Amino acid sequence: MKNLICVITFLIMGILSGCLSQVASFRDHINGWIGGSMDEYIEIGKMPHIDRSGYVGVEGVTRLDNGNMLYEIPFPECPAFFEVNPRGIIVAITTEGDRDCY
Amino acid sequence: MSLSLHQWYRIGFVSVLILWLSAFFLNAFQDYLLYIDGIGGGASAKVNGQKFVDGVKLSLLSDVTRFTYRKIVGYKATTQRGGAAVQKRPDQLPIKGANNIGVQGEKLTGKLREDFFKEGGSLSKQANKIPSINAVAGLHDVFQVELGTIGNWARNLFNVPGMVPAAGITAGSLMTDPAFAGAVSSYSKKSEPR
Numbered sequence: 001m002k003n004l005i006c007v008i009t010f011l012i013m014g015i016l017s018g019c020l021s022q023v024a025s026f027r028d029h030i031n032g033w034i035g036g037s038m039d040e041y042i043e044i045g046k047m048p049h050i051d052r053s054g055y056v057g058v059e060g061v062t063r064l065d066n067g068n069m070l071y072e073i074p075f076p077e078c079p080a081f082f083e084v085n086p087r088g089i090i091v092a093i094t095t096e097g098d099r100d101c102y
Numbered sequence: 001m002s003l004s005l006h007q008w009y010r011i012g013f014v015s016v017l018i019l020w021l022s023a024f025f026l027n028a029f030q031d032y033l034l035y036i037d038g039i040g041g042g043a044s045a046k047v048n049g050q051k052f053v054d055g056v057k058l059s060l061l062s063d064v065t066r067f068t069y070r071k072i073v074g075y076k077a078t079t080q081r082g083g084a085a086v087q088k089r090p091d092q093l094p095i096k097g098a099n100n101i102g103v104q105g106e107k108l109t110g111k112l113r114e115d116f117f118k119e120g121g122s123l124s125k126q127a128n129k130i131p132s133i134n135a136v137a138g139l140h141d142v143f144q145v146e147l148g149t150i151g152n153w154a155r156n157l158f159n160v161p162g163m164v165p166a167a168g169i170t171a172g173s174l175m176t177d178p179a180f181a182g183a184v185s186s187y188s189k190k191s192e193p194r
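Quick mapping for you: the protein sequence lines, in order, are chains A and B. According to our numbering, the first sequence is numbered sequentially starting from 1. According to our numbering, the second sequence is numbered sequentially starting from 1.
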């Protein structure tokens with residue numbers, strides 16, 4: 001009886017963890033941040049990454065002709081470019097060749 | 001003070017020797033502790049009227065899974081629920097003490113339906129109340145994040161199979177946790193026919 005309870009407990013734990021602990025795709029992630037705050041996004045980047053390094057950081061910032069800023073944010077596969085308006089709101093996120101960078 | 005080349009060689013040799021001996025004895029000491037713990041588990045089992053070998057096996061299994069969990073996730077497994085969820089990117093690792101249950105990497109909108117499956121969403125908050133689930137989710141998240149570097153296909157393919165080692169390693173590492181053992185024991189007693 002105890003063994004059965006253990007097996008059932010493991011199965012429930014496994015199924016729950018699998019169903020509930022998934023990771024969003026790169027597209028879903030970046031689309032969710034359009035309209036969000038760039039400062040908040042930079043703050044999030046300070047938490048441990050896959051390579052267990054700390055802050056990956058902003059690799060470069062350039063001013064665009066329309067007055068917006070373009071932030072280059074590194075991802076495992078390639079950098080993503082966050083266009084930010086003067087109020088600090090992300091207005092567009094692009095990648096080179098429209099690639100998925102993670 | 002200037003040292004001759006010969007003296008530098010001697011300093012270098014002694015330094016390397018000290019480093020090598022430290023590394024050797026540190027590792028040996030760790031193994032030694034593991035064996036002591038195993039023997040302690042066996043002795044404890046014997047005192048409680050069970051087989052010595054079973055106690056050793058249980059103790060070593062618990063040590064190895066606990067070590068594995070800590071090595072992979074970066075912190076110790078716990079039965080306790082996580083605190084508030086912390087917003088993460090999809091390539092970030094679980095955060096110690098935070099609620100890591102739910103879909104990671106999607107921004108919370110504050111809308112119940114849209115946030116339902118996300119970390120910090122309503123389902124995540126409810127599941128977080130179940131002891132140990134946050135620990136299993138933490139390990140499963142590491143698997144998922146690591147698989148993401150191979151590709152989305154790998155993450156999707158190994159999502160379900162990854163549940164088994166995640167639950168197994170977590171359960172093993174929590175075996176000696178009094179809260180976990182107490183919960184399983186009290187549940188078993190309730191379920192046994194009278």
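Don't take each hint at face value.
Listed below are several chain A residues computed to face chain B (Cβ distance under 8 Å; list not exhaustive) [to be verified]:
1. D28
2. S37
3. Y71
4. F75
5. P79
6. Y102
Below are the DSS-like pairs computed for lysine-lysine, each with C-alpha atoms no more than 30 Å apart in a straight line [unchecked claim]:
7. B:K125 to B:K71
8. B:K71 to B:K57
9. B:K111 to B:K96
10. B:K76 to B:K111
11. A:K46 to B:K125
12. B:K71 to B:K111
13. B:K57 to A:K46
14. B:K125 to B:K96
15. B:K46 to B:K57
16. B:K76 to B:K51
17. A:K46 to B:K76
18. B:K125 to B:K111
19. B:K51 to A:K46
20. B:K129 to B:K96
21. B:K96 to B:K51
22. B:K129 to A:K46
23. B:K46 to A:K46
24. B:K129 to B:K51
Derived from the structure by calculation, the hints contain no laboratory data. In this text, all values refer to a predicted model and were calculated from it rather than measured experimentally. Backbone N, C-alpha and C fix where the C-beta goes; we use that ideal spot for every residue, glycine too.
Determine which of the earlier numbered hints do not hold for this structure and return their numbers in increasing order. 2, 3, 5, 10, 12, 13, 19, 21, 23, 24
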